[in-house]
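Student: Chains as they are written, first to last, in the working numbering: chain H, 766 to 1099; chain F, 766 to 1099.
There's no promise every hint is true.
As the list claims (entries may be wrong) - Subject to a maximum C-alpha distance of 25 angstroms in a straight line, what follows is the list of computed BS3-like cross-link-like pairs (lysine-lysine):
| id | chain 1 | residue 1 | chain 2 | residue 2 |
| --- | --- | --- | --- | --- |
| 1 | F | Lys1024 | F | Lys897 |
| 2 | F | Lys948 | H | Lys948 |
| 3 | F | Lys1010 | F | Lys897 |
| 4 | F | Lys1010 | F | Lys941 |
| 5 | H | Lys941 | H | Lys897 |
| 6 | H | Lys941 | F | Lys1068 |
| 7 | H | Lys941 | H | Lys846 |
| 8 | F | Lys897 | F | Lys846 |
| 9 | F | Lys948 | H | Lys941 |
| 10 | F | Lys1068 | F | Lys1090 |
| 11 | H | Lys1068 | F | Lys941 |
| 12 | H | Lys1068 | F | Lys846 |
| 13 | H | Lys941 | H | Lys1068 |
| 14 | H | Lys948 | F | Lys941 |
| 15 | H | Lys897 | H | Lys846 |
| 16 | F | Lys941 | F | Lys897 |
| 17 | F | Lys841 | F | Lys910 |
| 18 | F | Lys1068 | H | Lys1068 |
| 19 | H | Lys948 | H | Lys1010 |
| 20 | F | Lys1068 | H | Lys846 |
| 21 | H | Lys1090 | H | Lys1068 |
| 22 | H | Lys1068 | F | Lys841 |
| 23 | F | Lys841 | F | Lys897 |
| 24 | H | Lys941 | H | Lys910 |
| 25 | F | Lys897 | F | Lys910 |
| 26 | H | Lys941 | F | Lys941 |
| 27 | H | Lys841 | H | Lys910 |
| 28 | F | Lys1068 | H | Lys841 |
| 29 | F | Lys948 | F | Lys1010 |
| 30 | F | Lys1010 | F | Lys910 |
| 31 | F | Lys948 | F | Lys910 |
| 32 | H | Lys897 | H | Lys841 |
| 33 | H | Lys846 | H | Lys910 |
What the hints assert, rightly or not - Covered stretches of chain H (chain F as the covering partner; in silico rule of three or more C-beta atoms under 8 angstroms from a C-beta of chain F):
| id | segment |
| --- | --- |
| 34 | 786-793 |
| 35 | 921-928 |
| 36 | 938-945 |
| 37 | 961-970 |
| 38 | 1026-1040 |
| 39 | 1060-1067 |
Keep in mind that the hints were calculated from the coordinates and are not lab data.
Just so you know, even glycine gets a beta-carbon here, dropped at the ideal spot from N, CA and C.
Number of protein chains: 2
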Amino acid sequence: MSELRRDPITGRWNIIDTDQPDGPEAFAQETSAVASGRCPFCYGNEAMTPPEIYVQRPAGGLPNGPGWTLRVISNKFPALKIEGDLNRRGIGVFDLCNGVGAHEVIIETPDHQRQMADFTHEELAAVLNAYKARSLDLRGDRRLKYTLIFKNYGLSSGASLEHSHSQLIALPIVPKRVQEELKGAERYFEFRDRCAFCDALQQELQEDERLVGENRSFVAYCPYVSSFPFEMWILPREHRADFAKMSQEATMDLARLMKEMLGRLRAALNNPPYNFILHTAPIEPREREEYHWHIELIPKLTKIAGFEWGTGFYINPTPPEVAAKFLRDARLVA
Amino acid sequence: MSELRRDPITGRWNIIDTDQPDGPEAFAQETSAVASGRCPFCYGNEAMTPPEIYVQRPAGGLPNGPGWTLRVISNKFPALKIEGDLNRRGIGVFDLCNGVGAHEVIIETPDHQRQMADFTHEELAAVLNAYKARSLDLRGDRRLKYTLIFKNYGLSSGASLEHSHSQLIALPIVPKRVQEELKGAERYFEFRDRCAFCDALQQELQEDERLVGENRSFVAYCPYVSSFPFEMWILPREHRADFAKMSQEATMDLARLMKEMLGRLRAALNNPPYNFILHTAPIEPREREEYHWHIELIPKLTKIAGFEWGTGFYINPTPPEVAAKFLRDARLVA
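Chain H extracted, bound-state conformation (with noise of 0.2 angstroms):
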């Protein structure tokens, strides 16, 4: 079982691997991490892995054999389990609880050369739709606080697979940057009686020069504080707090424009790594009036430095409308 901790001055949270703890040889060979062998996420490789969770598995077939589209699976390496209690305790002026939550791997397809920007709209709604089932089934768990789904794509961007995959870990809190966040809309929304995210996406639909996509339901664009060089957010043109409960409508229109940003980061910046991070509302209350779930989207291209773990600001040596021309201007292969 690892520990959560907590620093008793920023409130920030960490969560410690008490279990298997690295040590210095470890870091040693990071490098060559993503060279693999046998590909645990290929197809005839599902014993490699623990038992699926969830599965897509249109032609039928047996759990954890062939025939399946997409799996989610438990992490093999987990960063937090689901069994035992939480028992927060102090240490003097510490504070830990056990690490309690869920881990869970989504293969998004049995095809180990294909990548996201490669799938068709069918089979990235797929995979949201993988996303929003894992998130709906976990409200049931009394403990958890919060689901976050990302994606690591790219040795640099930590991804330490090269098969197409995305990630869900549900925690026991909610944590400081997603706090944050909804304090800041609540604040807004205090002041203003309106949503921080919609104004924000009003003035960006407006003004023009960041947008990059956007189609019915959703709209892409570069924003106007943007701390990393062609970050890219998806916003619902709908005020919604919940990812899981988008419809099957939205869910294509997210799949298609998402295709299409994926595919134009690549043709702009050959092929980066990336993270993309889903920014939805905590499990309770499941409906919050001042949040506006959203994607942020990462390409992985500057280093961070002293100065930003100093401060906590970004230096972006691009400026949002300078990359969302690039970004548009991008030679889509079809």
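The hints should help you fit chain F onto chain H, whose structure is shown.
Tutor: Relative to the frame of chain H, chain F by itself:
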């Protein structure tokens, strides 16, 4: 002039380089950035840098000529510039101001080969004295609210030149992360009438599990809530908010402990890249009862991925108890 832009929801500021924007091509070659032809920080190449702001030239000599042992210059590619007005303004929901501030480089030695861990105690104390002198001098500028001093060592830590140097950035606002620390320390002080850092330090000394080294004035340890593997903090034993007011005796003690810690890091982890950040109180008010200055030393061993961006939580695979033992056991080269 760059722009400082503020996120209306989280209140985070970013520095956006609207002057000389980087396009996609700027990110293609990044990995070879440290490899250098003629080094602008070496002896005899003084004309390649902006003129010196501060210098240590024990044997005398002309400004910007040879004979120096340490030079401070303006960054040739500054994130912020000292000229001009802040001009705080809004554009719809967004806030911005001009990129006014200081961005200086401390060239720590004329010798291209020697790194900070190789310095004598006197040389390291000279670097610390330069930090103090520059911090104190910039306090005369009423537009500036915070001075951050940090060092990026090695390519993956964000360093762009290998010649040993550190940086100073003075900002027109107190950055969010610093505010977070200050507020947390204030809350703790209100609750307990004691300094949170002093209490944490006492507990670290009592538990004795995460200590790495100590002397008369300073203690070095891997903090209980380490975000990163082998993270180390160096705290003054005495409760002091302001780094720049440190006595000459304390400066020598810090130089001794820093050299030892940098040596231990190098020995335990095979010369890893690292960042260190000097956390000190904002410029005004000059004395804060609640704050306790310190240095955070972070080797760059893991990658920041989607989970960390989404939550502000870190997953640390090496508990500080384990890291401290490896660091204590490291064989130091004399």
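Student: Each hint needs a verdict: does it hold in this structure or not?
Tutor: How the hints compare with the structure:
1. A C-alpha spacing of about 18 angstroms is found between Lys1024/F and Lys897/F, which places the hinted pair at or below 25 angstroms, so the restraint holds.
2. For the hint linking Lys948/F to Lys948/H, the alpha-carbon distance of about 16 angstroms falls within 25 angstroms, and the restraint holds.
3. In summary, the hint linking Lys1010/F to Lys897/F is supported, as the alpha carbons are separated by about 7 angstroms, within the 25 angstroms threshold.
4. The suggested pairing of Lys1010/F with Lys941/F holds, with an alpha-carbon distance near 24 angstroms, which does not exceed 25 angstroms.
5. Distance check on the hinted pair: Lys941/H and Lys897/H sit about 23 angstroms apart at the alpha-carbon level, within 25 angstroms; holds.
6. This hinted pair checks out: Lys941/H and Lys1068/F have alpha carbons roughly 20 angstroms apart, not beyond 25 angstroms.
7. Between the alpha carbons of Lys941/H and Lys846/H the distance comes to roughly 21 angstroms, so the proposed pair stays at or under 25 angstroms and holds.
8. With a C-alpha separation of about 21 angstroms, the suggested pair Lys897/F and Lys846/F falls inside the 25 angstroms cut-off, and the hint holds.
9. With a CA separation close to 15 angstroms, the supplied pair Lys948/F and Lys941/H stays within the 25 angstroms bound.
10. Our distance criterion of 25 angstroms between C-alpha atoms is met by Lys1068/F and Lys1090/F, whose separation comes to about 23 angstroms.
11. Taken as a hint, the Lys1068/H and Lys941/F pair is honoured in the structure, with Cα atoms around 20 angstroms apart against an allowance of 25 angstroms.
12. Distance hint between Lys1068/H and Lys846/F is fulfilled; the C-alpha atoms sit about 22 angstroms from each other, no more than 25 angstroms.
13. A hinted pair counts as satisfied when its Cα atoms are at most 25 angstroms apart, and Lys941/H with Lys1068/H qualifies at roughly 23 angstroms.
14. Restraint check for Lys948/H and Lys941/F: the C-alpha separation of about 15 angstroms stays at or below 25 angstroms, so the hint holds.
15. A distance of roughly 21 angstroms separates the Cα atoms of Lys897/H and Lys846/H; the hinted pair therefore holds under the 25 angstroms criterion.
16. For the given pair, Lys941/F sits about 23 angstroms from Lys897/F by alpha-carbon distance, which is consistent with the 25 angstroms threshold.
17. Of the supplied pair hints, the one linking Lys841/F and Lys910/F holds, its CA atoms being roughly 23 angstroms apart against a limit of 25 angstroms.
18. Taking the CA atoms of Lys1068/F and Lys1068/H, the gap is near 10 angstroms; set against the 25 angstroms cutoff, the hint holds.
19. Between Lys948/H and Lys1010/H, the direct Cα distance comes to roughly 22 angstroms. Compliance with the 25 angstroms bound is thereby established for this hinted pair.
20. Among the hinted pairs, Lys1068/F with Lys846/H is consistent with the structure: their alpha-carbon atoms are about 22 angstroms apart, no more than 25 angstroms.
21. For the hint linking Lys1090/H to Lys1068/H, the alpha-carbon distance of about 23 angstroms falls within 25 angstroms, and the restraint holds.
22. For the hint pairing Lys1068/H with Lys841/F, the CA-to-CA distance comes to about 19 angstroms; that is within 25 angstroms, so the pair holds.
23. Only pairs whose Cα atoms come within 25 angstroms are accepted, and Lys841/F paired with Lys897/F is accepted, the gap being roughly 22 angstroms.
24. Our distance criterion of 25 angstroms between C-alpha atoms is met by Lys941/H and Lys910/H, whose separation comes to about 12 angstroms.
25. Only pairs whose Cα atoms come within 25 angstroms are accepted, and Lys897/F paired with Lys910/F is accepted, the gap being roughly 16 angstroms.
26. Among the hinted pairs, Lys941/H with Lys941/F is consistent with the structure: their alpha-carbon atoms are about 13 angstroms apart, no more than 25 angstroms.
27. Proximity of Lys841/H to Lys910/H is assessed by CA-CA distance (about 22 angstroms); at most 25 angstroms being required, the pair is judged to hold.
28. Straight-line distance between C-alpha atoms of Lys1068/F and Lys841/H comes to about 19 angstroms, which keeps the hinted pair within the 25 angstroms bound.
29. Simply put, Lys948/F and Lys1010/F have alpha-carbon atoms about 22 angstroms apart, close enough for the 25 angstroms limit, and the pair holds.
30. Among the hinted pairs, Lys1010/F with Lys910/F is consistent with the structure: their alpha-carbon atoms are about 17 angstroms apart, no more than 25 angstroms.
31. With a C-alpha separation of about 16 angstroms, the suggested pairing of Lys948/F with Lys910/F holds against the 25 angstroms cut-off.
32. Distance hint between Lys897/H and Lys841/H is fulfilled; the C-alpha atoms sit about 22 angstroms from each other, no more than 25 angstroms.
33. Using a Cα cut-off of 25 angstroms, the hinted pair Lys846/H and Lys910/H holds, with the two alpha carbons roughly 15 angstroms apart.
34. Proximity of the segment 786-793 of chain H to chain F, defined as three or more residues with a beta carbon under 8 angstroms from a beta carbon of that chain, is established by the 7 residues found.
35. Only residues whose C-beta sits within less than 8 angstroms of a C-beta in chain F count toward coverage, and the segment 921-928 of chain H has 4 of them, enough to reach three; the restraint holds.
36. Check on the segment 938-945 of chain H: 5 of its residues sit with their Cβ under 8 angstroms from a Cβ of chain F, so the three-residue criterion for coverage holds.
37. Interface restraint, the segment 961-970 of chain H with chain F: holds (5 residues with C-beta to C-beta distance below 8 angstroms; minimum three).
38. For a cut-off of 8 angstroms, the count of residues in the segment 1026-1040 of chain H with a CB near a CB of chain F stands at 5, and the three-residue condition holds.
39. Only residues whose beta carbon comes within less than 8 angstroms of a beta carbon in chain F count, and the segment 1060-1067 of chain H has 4; three or more means the coverage holds.
In summary, this structure violates none of the numbered hints.
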